Every structure is written in C-alpha cells, then in structure tokens.
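Once you've looked at the hints, go ahead and assemble the two chains, each given alone in its own frame, into the complex.
Those sequence lines, one after another, are chains Y and E.
Under the numbering used here, residue 214 is the last one in the first sequence; the count climbs by one each step, no gaps.
Under the numbering used here, residue 1548 is the last one in the second sequence; the count climbs by one each step, no gaps.
Some hints here could point you the wrong way.
[Claimed, not checked] Restraint-style ranges between C-beta atoms, simulated for each label pair:
(1) 1514(E) with 19(Y): 31 to 39 Å
(2) 145(Y) with 1082(E): 48 to 56 Å
(3) 1301(E) with 14(Y): 36 to 44 Å
(4) 1297(E) with 14(Y): 37 to 45 Å
(5) 1301(E) with 25(Y): 20 to 28 Å
(6) 1414(E) with 21(Y): 51 to 59 Å
(7) 65(Y) with 1514(E): 24 to 32 Å
[Claimed, not checked] Sample of chain E residues with no beta-carbon within 10 Å of chain Y, all distances over it, derived:
(8) 1107
(9) 1180
(10) 1203
(11) 1296
(12) 1355
Simulated from the structure, these hints should not be mistaken for laboratory data.
Predicted, not measured: the structure shown is a model, and the values here were computed from it.
Where is the CB? At the ideal position from N, CA and C, for every residue including glycine.
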Amino acid sequence: MSESTDTRRIFLYSRFERINHWVQAALVLTLLVTGFEIHGTYSLLGFETAFDVHNFCAWTWLVLFIFDIFYLAVTGEWRQYTPTLRKLYDVMHYYMIGIFRGEPHPVPKSERAKHNPLQRLTYLGIVSVLIPFQMITGFLYYYYNDWAAIGLEGLGLGFMAALHTIGAFAFLVFLIVHVYMTTTGHTVFCHIKAMCTGWEEVEGACAAEERAST
Amino acid sequence: MKRNRSASIWTILALVALSFMCVWPVVAATQQEQPQKTYGADEARARTQQPARWVTTDHSKHEALQGNFTSGPEVTTACLSCHNEAAKQVHQTIHWTWLCPHDEKQEMGKYGLTLNNFCVAVPSNEPRCTSCHIGYGFKDASFDFSDPTKVDCLVCHEQTGTYEKHPAGAGNPVSEPTVFPGDGKEYLPPDWNKVAQSVGRPSRKNCGDCHFMGGGGDAVKHGDLDSSLYNPPKELDVHMAADGANFSCVRCHTTEAHQIAGRCYKNPAHVERKSLIDDDQVTRIACESCHTATPHKPGVKANDHTDKVSCQACHIPTMARAEPTKMWWDWSTAGKKKDGKPYAEEGPYGKSVYDTKKGDFVWEKNVVPEYRWFNGTMLYVTLNDEIDPTEVVELNWPVGGYDDTRSRIYPFKMHRGKQPYDSGLNRMVIPHLFGKDETAYWANYDWGKAIAAGQKAKNLEYSGEYDFVETAYYYPTTHMVAPQENRLECESCHSSDGRLAKLAGFYVPGRDHFAMIDTLGYAAAILALLAVIGHGLVRYVACKRRSS
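Extracted from the complex, chain E is given alone in its bound form (with noise of 0.2 Å):
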C-alpha cells in the first residue's frame, strides 16, 4: 500500500511537471511584452494628447498681415517677406510642377505625358483641373512656373475654413459672388484680411479640400479618400479619428522644405523601410515608421507576413466605406440627349450614373480592393506610346512581385472605364473637354474636334481617327484603416477562392495545393479503410460461420 501511494504522489508530480513543461513554452511566447517606454505608435498618440502646441507665434498679430490685400498674390507676397524661402521651395515640389520629380524626362505627373481615365489628362483643360493647383491663375500653357506671388500660401495653410477657389477658376478665388453651374453653389470672394491672419500648420481640411474631392467630386478618384475623412468615426479611420489618434494629414505626411512625404508618380513613398525606433528622424510615411516590422504581439504570426504582405493589405477591409467611388466611367456612352438637350440621371447612393457630358458612370461601396505585388513604384502609359487596343490598357501599373524584397501585396483600387484613343495611331489621346471654344467636348460633344485639340495643345500627332478602349487604372488604398477588430480574417486569402486567389506564383498554406499530393494520400487512406473494412467482414464471417 505505502508502495503505492508513493508511487502515486510520483506519478502526481510528474503529471504536474509534465503538464507545466507543456504550457509554459506557449504562455509564455504568448506574453505581451510590455513597451517600458512610450515609442513610435504610442509615443505619437502621447504627443498628440497633450494640450500644449508646439507652434510660437500667432499671425494675426504679424504686422506684413495687417494690410488690406485684395487679392491673393498680395498675401503671397506678406508671406514671402518673412518666409523668404518658401515660394523657391514651393516651385520644386509636384504641388507646383505637376510633374514627377523623379522622372527626368518629365513625362509623369498631371501636367507631363501621362493619363488618368477619369478626366483623362490637364493639358487644354487648364481652367477646370487647376482650380486645384496651389497656383494663382494657372489657365494654361503659358503659366509662369518661376513667378514667386502665383503661389498660392493661402489653400494649405489658411484656417478658418472659408477660403475657396472657384471650381472653373484656374487657381483664383472669385472677386465678386459667382453660382458655378456645375455644382449650383454661390461661390464668395475670401474674406483676404482674415483668412491671411489665420494661417497655420495644414489641417485636415486643406488637404482634403483638393485630395478628398479628386475627379472633380467627392470620393470619385481614390475609395481611401473622401469628405469622410475630415471627421471620420473610429470605425472608419482609426488614425484619423478624433476618438482615435487624431492625426491630422501632415502627421503621416511628414514635411521638408514643403516637399510632403508621399508617393510621387514614378517614385515610392519611402525606400527604406525603418522605424522611428531604428532612426528618429525618418519619415513617418510608412505604416512601419510607427509600428515597425514586428507591429503584432511577439509571437504572433502576422509579424512573420510583414515582409511580404503590406499592413494595408489586411487592415484595411474594404474602401469606400462611408462614401461611395466611381468605380466605372464609360466615356463611349457620352453625348446622347433628351428633347435635344444633355440631361444627366441619378442612381443608387444618389449619385449620377449617366451625365451627357461624360456618358456612364458605376458607383459602389463597402469595395473589395484588388490585390498586386507592389513596391512603391507605379510606371504610367505616356501618350507616345503605343497601346494594344484589343486588350484592357492599363493606363498605370505597379510595379513588383514575389521575388521583390521590397515588393508587398497591397490593396488597389481599380478603377475601370472606356476613354477614346488614336485609333489610327494605336495611342491614347487628350480630349479637350473644358472650354466655352467650338473645339471643347462639353460645347459642342464633337469627339473628333475635341481630341484634335487636345492634341494640339500638348503638340501630340493624331490621326485623325479616333475610337474607344477599355482602361484600368491603379489606385493603391492606403488610408481608413479600420480598427484591429475589423481587419481581415486570415481565411480572406488562406482559402481557395480567397481574395488572393488570382496572385499567383507563389504558395499560401490554405489556398494552394499538390494535386498529386492529395489524390494519392486521400486515395491510400480510402484504401487503407477499405482494406480494414474488408478484413472486418471476413473475420466477422469467419467468425460466425466457426460458431455454427
């Protein structure tokens, strides 16, 4: 008896050991480790709590901001005799070129050779496009890139939120109240005394002005940027929040002499991937200048899909969550009228799904994006180059993949459509749209005359014919990160018809399988159950024929 108690205290205790042996390796590589300090994500939420601001002066009281400026120039020119630098700065950035810097044959950017399929491109349609330049008076070819007074301080940094630009303004604000027919709203002349004195750091509100409303409305271009932005719900943004860390748009977009960090056309956001931890003084464009390579808890697997799948990818849902995005815009259909006059329908989301002006349009919301290999860079279809009209052109793509170590999967948004190209020459063309001239599509709904003008005013060839292509064009989706509790379950790409399931060439546990693999080993576990089954019944025979 004693023996065996013994032997069963023994057994007891080795249980025990063997039991902790068994969850301690797992408790503990699921502990949190505790940041002792604040850093990158938390310091930047610590910093914008607290309440003192960092800025040292108050403009108001500036006396080159006292006088009665008329005029826009008038301010920039107050400006520019204490920020003597600013406008030398401004005139370099692609705010002011349109043209990516990176590009030395200055073909990319909003005024180079490249496209969109929305508007499809500036040139000959200055007035229209460039009331969201931050440039006075930018009405077209002609515009004087060096003069210092055309730069327009007063659209990022003005605060009280009343300074506009007229929409068909080229840059200038009206000098007396003007209804702008295509949205039906009076449009004052800025109050330039107080809008001058109000000045400050960029808020949301300045940015989003221009970059909420790209495509000439809200929400039409990007799906991650819209008027829902200037004062989203956690939900929507948890960055953006005011419940959230409520950054402003310069937070993320971190400054230098004006050049704002971001992607430029040719060019990734950021190179490097560092962290604020391994570099104080980098950039805080990347989700990583924050939340580092590792953002997860240790020993979470999503830290090991960092270096090949973007933050973006799984925290950001789906887009256009609060306002919906033109996801489909088929120029072809433009053109047609009712009782002899353009007219234009309203669909669902109450959004116009055919315009005259601009033929039909799709809207959508709660989008899934599309998936791509990307590492920062997009290259653009220039109008020199010839394009496959047989195929859908894709007027820009990113570029990357697998084999890439600076390549991620990141979520786009494709926006698709049918825009006219030279179909003589096999090349896409710029429509001139804009305009009170008997050449401008929106006068006169003349597509031949409207492309030759076009053409003309960037000097391109065209041939004289002209039909319509169907184009794609690449939004990458960066901002309105949801909540981690909204972010994507694994199962959205570790599954066969998961939203990588078109990725391909190379493997996700979930998604891929050796076909040969699994009809053999299915195959000999089906036999192995047969032969065990059969050799059941014969003994189950065997056995009952012995008894009897």
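Chain Y on its own, in the form it takes in the complex (with noise of 0.2 Å):
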C-alpha cells in the first residue's frame, strides 16, 4: 500500500521456520474447526472423527512445540521473542493512524529484528502462555479419568472444558487478526509471500530510519 519503491529484498525466514510456520497454521486451523465440532457449535466432520483428528493434531503439535523449543534454544533465534517497549507506543500508532496517512513502518524488518515490539509482545504471549494453556487444559480434559491420581478430583470436566474453550476462542480472536495483519505490508499478499518464499521486500531502512529520527 505504501508508496515507497524504496525496498530492498532480505532473506528472513529460514526453511525450517517456513514450514514449521505453515504446519502450525495448519494445526491451529485444523484444531479450531474440530474443537469447535467437539465442542458442538456445528457438524463437519462427525463428532468421532472431529475426536480423532484434534487429538491427532494436539500430539503433533505437542511434538512440534517442543521441537520448536529447542530450536529457539539452540540456534538464539529466542532472541526474535524478547519484549522490549521501545518503539512499541510507535508501532502502535502506525497501526492505529499512520497506516492511512501511507507512513512507512516505524519498525522495518531486519535480520536481527524480525519481529515489531507488537508482534514480539504478541507472539511471545502465545507461545508461552495461550498455546501451553492450551495443551495442559486440553491434556486434563482428555485425561479426565486420572484427575483422581494426581488430587484434581475437586475439579469438574464442565470446568477444564470451559478453560480449553475460552483458549479457543482466545486463538480464534488471534487468527482473525494475525490474518488481517499480513495484508498491511506494502501489498496485499507480501508478507504471506514472504513466509512461503523467506524473501521479505522490506522499505529502505535508511529511509526509515532517517524519518523515524525527525
């Protein structure tokens, strides 16, 4: 949408984080349309094969998660996560005004910063509060029979049910907007093509930065 020619090409996403990326999407898609078949909101798939798919995809992702973990761990791409308010109150106001004035981005991307301080705030959130949420409130709620081994037995399932649920719709609001959000590069579909390619045009940090700096 930005005006600005001003771009330079710069490879962010590895191999592995593309396709680490688009299988979590797939998850999280597939996870929300079958727990909300198992939750009873509609009949897709048939309420057993909406079973199986969503434990099927909640052990996958389990995996993954834990792979993902030690991926960060290993490689310091944790980095990319750690919050910082700096120039948060920018991005902030570039979404909220100037977006509509064709701004560029107070926060280019760069191969040290590949996150904006909202999505490192954002995503840090969701992955280390709404997504381990999820697996412990979905771990209890699928093996509702042992709560009795571990002292849970004071909880009801409606309870655990209704915690997984308000996850659900917590990764459901995300979706929506997290989808919106690649349509706000300088076109429609360049951070979507960047996250299938790893190639990100990204408006000339000069630029950027000399603006910023006014």
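Structural data, given as structure tokens:
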C-alpha cells in the first residue's frame, strides 16, 4: 500500500521456520475447526472423526512445540521474542493512524529483528501463555479419568472444558487479527509471500530510520 | 553451493526426524497389543468351539429314570434320588419363592407386595401366572413351598423341547390333550419317560420359554428378551448367534447350587466389577467379567467411558430389533364390547392394539432406550405405599447417580400405561383378573369386584373407590448386544439433542456449553472481524484518496 519504491529484498525466514509456520497454521486451523465441532457448535466431520483428528493434531503440535523450543534455544532465535517497550507506542500509533496516511512502518524488518515490538509481545504471549494453556487444559480434559490420581478430583470436567474453550476463542481472535495483519505490508500479499519464499521486501531501512529520527 | 547442499541435507534430515517424532507417538498409541494368551472373551470363544462336552453322564442310561412316570412329582422324586440336595437348593432361590432373597421384609418379588403395569400382580391370579413357576400346582396361596416333590426339574433341564406346561395350569402340564382358548393351541401331555431321560444343562429354550414370553406372550415385557433369541442372527446378538459366540443363557448366568447369577428386584446382578483376569472364580454376569473394564483397543477413548457408561448403553443401539415389544398398556379402556361381546383388534405388526379383557396397547420395534444412572439396584412401589395420582407413578426405579461410583448410564425400556388404583387410599391395587368366579375381571368386567377380590387375596385394605393412574415401569436393557460395527455413534450422546439430552447434572462434551463463554467468545471473534474489516476499509479509502 505504501507508495515507497525504496525497498530491498532480505532473506528473513529459513526453510525450517517457514515449514514450521505453515504446519502450525494448519494445526491451529484444524484444531479450531475440529475443536468447535467437538464443542457442539456445528456438525461437519462427525463427532468421532473430529475428536480423532483433534487429538492427532494436539499430539503432533506438542511434539512440534517441544522441538521448536529446542530449535529456538539452540539457534539463539529466542532473541526474536525478547519483549521490548522501545518503539511499541510508535508501532501502535502506526497501525492506528500512520498506516492510513501512507507513512512507512516505524520498525522495518531486519535479519536481527524479524518482529516489531507489538509482534514480539503478541508472539511471546502466545508461545509462553496461550499455547501451553491450551496444551495443559486439553491434556487434563483428555485425561479426565486420571484426575483422582493427581489430586484434581475437586475440579469438574465442565470447568476444564470451559477453560479450554476460552483458550480456543483466544486463538480464534488471534487468527483473525493475525491473518488481517499479513495484508498490511507494502502489498496485500507480500507478507504471505515472504512466509512462503523466505524473502521479505523491506522498505529502505535508511529512509525509514531517517524519518523516524526527525 | 557445497555449503547450501549440506544445509539442505541437514534440513531434510531434521524434517524426517521431526515427522517421525510427530507420528511415532500416535502410531505407538494406536498399535493394538495382541494378547499373548487367550483370556476373557477369546477364552470363552475358544472353549465353546471345542467339540468335547464337559458332561460325564448320559441320563437315559440311569436306572432311576427307567420307571414308567405318569406325573411330574414322580420324575422329581427320581431326580432327587441322586441329586439329593437339589430341591433344598431350589427352594432357596427366587425362581421358587418369587421373593427377592435380599429383601428382609419379603416385600419385593412377584409374590411379594410389588406390582407391574402388565397384568399387575400374581396374588389372586396364580393359576395363570404360575404356569411359568418352576413348581407343580402353585394355584393359590396355599401352595406348599416346602414340598421337594413339587419342584419341576424338567422345565429347566429336559432337552427334547417337547415339554410344555399349560398356560393356565398353575405350573402343571396337561394330563390329556387340551386346547387353551387364549391362543387356540392344543397342549399335549408330556412323554414323561422321554423327557426325564433327556435332562441336561439348561438350553436357551428352557430359559426362553418363560423369560422370552414374559407378560404372557412373545416379546411383551422386555424388548431385549424374546423368541428371536432361540436362534438369533449375529446382528441381533453377537453372544448367542450360532456364527457368533453361540452362548447359551447359562454361559453368562453362571450358577452355584441352583442360584443363578442375575439381578433380583432389590439386588444388583453383581456388586464387584471384576474380570476373570482378576479372579477366575468370578461369575460371568457382567460384561466386564469377560471383557474387563478396558475392553477396547489401548488408547481408544471408549475405554475411559467405562467408569460412567455401561457397555449396554453403546452396544445395544435399539431394542426389540426382531420382535415388536409392548410399550403402552391402558387398562382404563378395557371392558368395551362389540354387539355385547368381547373383541380384539389387530394393529401393525399383526399384534392386538385393543382387547376387551385388557384395554389398549401400543407395540413398537427398534425402540430407542431411555437412559438413567443405575448401580444395579431397583426399588419398587409396594401395595402399602402411598402414591401421588396427579403424577405418573413410577412403579420401580433404578437407583444411582453421577456421583455414585457404582453407577453407570444404562439403557432402559420404559413401559408405560394406565392401571387401576385405590383413589380413596391413594395406593396401587391388585385386580383379580383370572378365574371362573364372578369377581374375576375377565369373567365379569367389573373393576370394583375385581379389585376387592384381588386385595382380599393378599389381606390388603381397599376403600371401595378406584380410578386409573398412569404408571411407568423400568426394564434394564442388557441382552441383544449388537456387533461392534452397529454400536452407537459418538454423536448419539455427544450432541445437544442426543440420547443423553435429558440426563442432567454432569458435563458431556458436545452436549453441554457455558452460554456465557460462548456468547463472549463469539462476540470477541465478531468484534475482531468487524475491527479488521473496518481497518481494511479505511486503509483502502485512504490509499485511493492519496493516489488520486
């Protein structure tokens, strides 16, 4: 959308990161679709199939999630998720006002900082709170029969189901906003394309920094 | 280039490792562990398919059975000459007393103070009802329950299939050919020698002739016990089908000293949930006895249901799958006549839907059971209990609940109907139905006299006023287990309008929701959607304006 032609191509997302992203995207979508069917919202695959697919995806994601943490730790990529307040206000201001005026993004992507402060906070929250929350509530929900063995018999199945449902709605809201945010690059599909090829077209970093400092 | 290629190899290796890690636990979890040795159901299957019999005697060769028998008690005397404890054992059983041995007050049982909503109660109607008693000549309250020669060994043990008692013979076979007007069938006296020499372990026919015909006719009472079980196809009953497990009744209703395992009025069929794996002496009455508490493949969620859901609930999808069963019996319309004569009307399934003697009936096939919590105990309204005639009177009810660890969700046939009660005392009553005397309802169609006579037979009070009240009667559905491919689908219960829709007080995924969470959740999603659409629109308009 930006009129700026001052862009350069940088390689941001490794093959592993791209595949990982799309596998997780597929898992989230499938988990949402099957989860809401198990919840009774609609009838699509049939309860049993929905249940089987949901559990298969959940286990797959658990394994992938553990692998991801290992990956982030080993590669040092965890740094991409360190939260920062610096320029957070600018980014929020940009999405609320600047974007309509055709201003450039206050924090252009770079190899060292793939995510802007708002993304860092959001993704960190999702990785460290929402995903574990869904995994734990889902795991307990599934192993309901064994609660007595771990001293949880005071809780009801409905309570755990409620928590898991709340998490699911949080994922749904995140998904809606996240998908929309991919369209806010300099073209509607450029971020999605970048997540497929690994190459992101970034507005000239010099120009952006120049403008930010004035 | 070289560096790139080695990077690619590592990526591919990593991906292979990743996919293996993702798939392996699932594959491992769904792998079926084959039992090393046969046990439970497999063991039973293997046993029943063995050609060798376990029996070591041929009764036709016993000297005691060579006599020229002319009556049942003579045969019984011969039986007791070897089986000298048998009559004493039989006298202790509910088959003989028609009273629940676990009820200290002796109120529960066919000959106690309980009743149903079919022909209501045995007292005063003995000659007709006791044709299915295992004694000879139980024609009224004077029956001698201590007489060993009155025990009818043949009805349970003869194997010719020719031994029949007369439907109104108080447990006696006929002594000369007799036509029973009720079914127009001619009953013949037994060939006593032949039937006596044929005795063996009870077959389906021995049990079925009474238990399949409960309520006076085929499939009337239970819905899961009827003549189709003499030789059922596999779709009807996997355990009894010839090409299934080919079990006889006593295969599961194991017997000790003539005490046959099964539920009796107040007492559960089994208290402990044990399998033959835990204890090889366990009776086989429960599904778990053979199938264990985790009967499905390892990792299958259905294994986690067995603490709250009975096997029957999923594996008996509908009852009365072969023969229609009676679902409604309205006594209040009995007594209507055509041209001054009693009449009967035939309806669908070729079954009578009206009978002057009995009133209106409704028959149904492929009946979806009703589901209740049940710990194996049933309690009953007795003839001394006060009832509330403004509501449907449940004449019996299953005991149990979600919090009772012995309870499971069980399927039931609910038989409903209308029957007379004492509207002065608000108690259920016994109508005297059968007999040639002038007080019998089926002789004179006078409810007042019939109730007075029925109550008197049991020394019960009667105010003289009667009316009709709607009643319900629970039959646990436990036979006619369908093959596994015909089990209930998960969504039969895991849906808001499913089979458990009315069973409240516990959370069922797919059935129950918290409306507040759903409303807030959907609202948040819709708001997010509206917000991003709005944001996008403003972006689009602003961009257009800038470029123009």
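Hints and how they fare:
In this structure, residue 1514(E) and residue 19(Y) meet the distance hint of 31 to 39 Å, their C-beta atoms being roughly 37 Å apart. In this structure the hint that residue 145(Y) and residue 1082(E) lie 48 to 56 Å apart at CB holds, the actual value being about 52 Å. Between residue 1301(E) and residue 14(Y) the beta carbon distance is about 38 Å. The supplied range of 36 to 44 Å therefore holds. Between residue 1297(E) and residue 14(Y) the CB atoms are about 40 Å apart, so this pair conforms to the stated range of 37 to 45 Å.
Take residue 1301(E) and residue 25(Y): their Cβ atoms lie about 27 Å apart, and the range 20 to 28 Å holds. Checked against the hint of 51 to 59 Å, the C-beta distance between residue 1414(E) and residue 21(Y) comes to roughly 56 Å, which is consistent with it. Restraint check, residue 65(Y) to residue 1514(E): a C-beta distance of roughly 27 Å satisfies the suggested window 24 to 32 Å. Residue-level check passed: residue 1107(E) sits 38 Å from the nearest beta carbon of chain Y, beyond 10 Å.
With a cut of 10 Å on Cβ distances, residue 1180(E) stays outside the contact zone with chain Y, its closest approach being about 51 Å. Chain Y leaves residue 1203(E) outside its interface by the beta-carbon criterion, the shortest separation being 39 Å against a cut-off of 10 Å. No beta-carbon of chain Y comes within 10 Å of the beta-carbon of residue 1296(E); the shortest separation is about 13 Å. Interface exclusion of residue 1355(E) from chain Y stands, the closest Cβ pair being 44 Å apart, more than 10 Å.
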